[in-house]
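One letter stands for each residue in the lines below.
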Amino acid sequence: GAGVSQSPSNKVTEKGKDVELRCDPISGHTALYWYRQRLGQGLEFLIYFQGNSAPDKSGLPSDRFSAERTGESVSTLTIQRTQQEDSAVYLCASSFQGLAGNTIYFGEGSWLTVV
Amino acid sequence: AQKVTQAQTEISVVEKEDVTLDCVYETRDTTYYLFWYKQPPSGELVFLIRRNSFDEQNEISGRYSWNFQKSTSSFNFTITASQVVDSAVYFCALSGFINTGTASKLTFGTGTRLQVTL
Numbered sequence: 017g018a019g020v021s022q023s024p025s026n027k028v029t030e031k032g033k034d035v036e037l038r039c040d041p042i043s044g045h046t047a048l049y050w051y052r053q054r055l056g057q058g059l060e061f062l063i064y065f066q067g068n069s070a071p072d073k074s075g076l077p078s079d080r081f082s083a084e085r086t087g088e089s090v091s092t093l094t095i096q097r098t099q100q101e102d103s104a105v106y107l108c109a110s111s112f113q114g115l116a117g118n119t120i121y122f123g124e125g126s127w128l129t130v131v
Numbered sequence: 185a186q187k188v189t190q191a192q193t194e195i196s197v198v199e200k201e202d203v204t205l206d207c208v209y210e211t212r213d214t215t216y217y218l219f220w221y222k223q224p225p226s227g228e229l230v231f232l233i234r235r236n237s238f239d240e241q242n243e244i245s246g247r248y249s250w251n252f253q254k255s256t257s258s259f260n261f262t263i264t265a266s267q268v269v270d271s272a273v274y275f276c277a278l279s280g281f282i283n284t285g286t287a288s289k290l291t292f293g294t295g296t297r298l299q300v301t302l
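Chains as they are written, first to last, in this note's numbering: chain A, 17 to 131; chain B, 185 to 302.
Heads up, a few of these hints could be off.
[Claimed, not checked] According to the in silico footprint, chain A covers these stretches of chain B (three or more CB under 8 Å from chain A):
#1 222-229
#2 254-265
[As the list claims (entries may be wrong)] Below, computed lysine to aspartate or glutamate pairings styled on EDC-like, alpha-carbon distance capped at 20 Å:
#3 Lys222(B) / Asp202(B)
#4 Lys254(B) / Asp206(B)
#5 Lys187(B) / Glu60(A)
#6 Lys222(B) / Asp270(B)
#7 Lys27(A) / Glu124(A)
#8 Lys27(A) / Glu228(B)
#9 Lys200(B) / Glu240(B)
#10 Lys222(B) / Asp79(A)
#11 Lys222(B) / Glu60(A)
#12 Lys187(B) / Asp72(A)
#13 Lys222(B) / Glu199(B)
#14 Lys31(A) / Asp79(A)
#15 Lys187(B) / Glu210(B)
#16 Lys73(A) / Glu84(A)
#17 Lys33(A) / Glu88(A)
[What the hints assert, rightly or not] Simulated DEER-style distance windows between Cβ atoms:
#18 Gly44(A) / Val268(B): 46 to 56 Å
#19 Val90(A) / Lys200(B): 41 to 51 Å
#20 Leu55(A) / Val268(B): 21 to 31 Å
#21 Gln99(A) / Pro224(B): 25 to 35 Å
#22 Pro224(B) / Thr119(A): 34 to 44 Å
#23 Ser74(A) / Glu210(B): 40 to 50 Å
#24 Leu302(B) / Gly44(A): 39 to 49 Å
#25 Asn251(B) / Gln96(A): 42 to 52 Å
#26 Lys33(A) / Ser255(B): 45 to 55 Å
#27 Leu55(A) / Ala185(B): 22 to 32 Å
#28 Thr92(A) / Gly227(B): 35 to 45 Å
Honestly, the hints are just simulated from the structure, not real lab data. Quick reminder that beta carbons are idealized off the backbone N, C-alpha and C, glycines included.
So that you can see chain A by itself, here it is in the shape it has in the complex (with noise of 0.2 Å):
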């Protein structure tokens, strides 16, 4: 697609269930990230992937936090046994090769709720 493009774009989950949100990143861009936005904060970062590996994973929270990156392309975040702490907008961004040098472009987020 042109851009960025998440799923799903709302989710509302009770506590404790395993959540997944899925990224499709710009088509022929080998970098992805996904990062946290917390309501009225800054962008935090979780991992980021290079093809299919993730060199950087030091942002993830906590260990019910993965993600997967398959084909070079889909990118699926999954939280386990979701938390009200981990209500945040989820997002997802691709750029060309790395990203110093390139630009990082944004998907429109997941927000997700716990309740």
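Take the given structure of chain A and dock chain B to it, following the hints.
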């Protein structure tokens, strides 16, 4: 460690006023990139500009201009003759240069909410 500070949480201006959004950064990298993004109410982050640290020339794009001052670690953003459509949250961000450990991520400031009214 990298850090971006946007001290202005919220700014309100009347249409046609000029407004400057401040951004101060900290990094140990000798070369780096600086960015500005706009986040309108729809939520999508819109890329505005990327500057590398060895190019200190100021840049103008229409009503937008950016003032990069390496000596004060600042990368300020000015909107001239503001319009209602400029209302959004604006984020400043920083990343390392290629082959540095900080090159794989953007470090964002907390954003400045700009409200432009008629």
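Does the alpha-carbon distance linking Lys222(B) and Asp79(A) stay inside the 20 Å limit? Status violated; Cα separation ~32 Å.
Chain A covers the region 222-229 of chain B, three or more CB atoms within 8 Å, holds or violated: Coverage by chain A holds for the region 222-229 of chain B (4 residues, Cβ < 8 Å).
Take the C-alpha atoms of Lys222(B) and Asp202(B), compute the straight-line distance between them, and say whether it is at most 20 Å. With Cα atoms ~17 Å apart, Lys222(B) and Asp202(B) stay inside 20 Å; holds.
With the threshold set at 20 Å, check whether the alpha-carbon distance from Lys187(B) to Glu60(A) stays at or below it. 12 Å, holds
Cβ separation of Leu55(A) and Val268(B), checked against the hinted range 21 to 31 Å: About 24 Å separates the Cβ atoms of Leu55(A) and Val268(B), which means 21 to 31 Å holds.
Regarding the pair Lys31(A) and Asp79(A), is the alpha-carbon distance no greater than 20 Å? Distance of about 16 Å is within 20 Å: holds.
Straight-line Cα separation of Lys27(A) and Glu228(B) no greater than 20 Å? 17 Å, holds
Take a quick look at whether Lys200(B) and Glu240(B) sit within 20 Å of each other, Cα to Cα. 28 Å, violated
Falls inside 34 to 44 Å, the C-beta gap from Pro224(B) to Thr119(A)? At roughly 18 Å between Cβ atoms, Thr119(A) and Pro224(B) fall outside 34 to 44 Å, so the hint is violated.
Are the Cα atoms of Lys27(A) and Glu124(A) separated by 20 Å or less? 14 Å, holds
Is it true that the C-beta distance of Gly44(A) to Val268(B) lies inside 46 to 56 Å, as the hint says? 36 Å, violated
Beta-carbon spacing of Asn251(B) to Gln96(A) - inside the hinted bounds 42 to 52 Å or not: 45 Å, holds
The structure fails to meet hints 2, 9, 10, 17, 18, 22, 23 and 28 from the earlier list, while all remaining hints are met.
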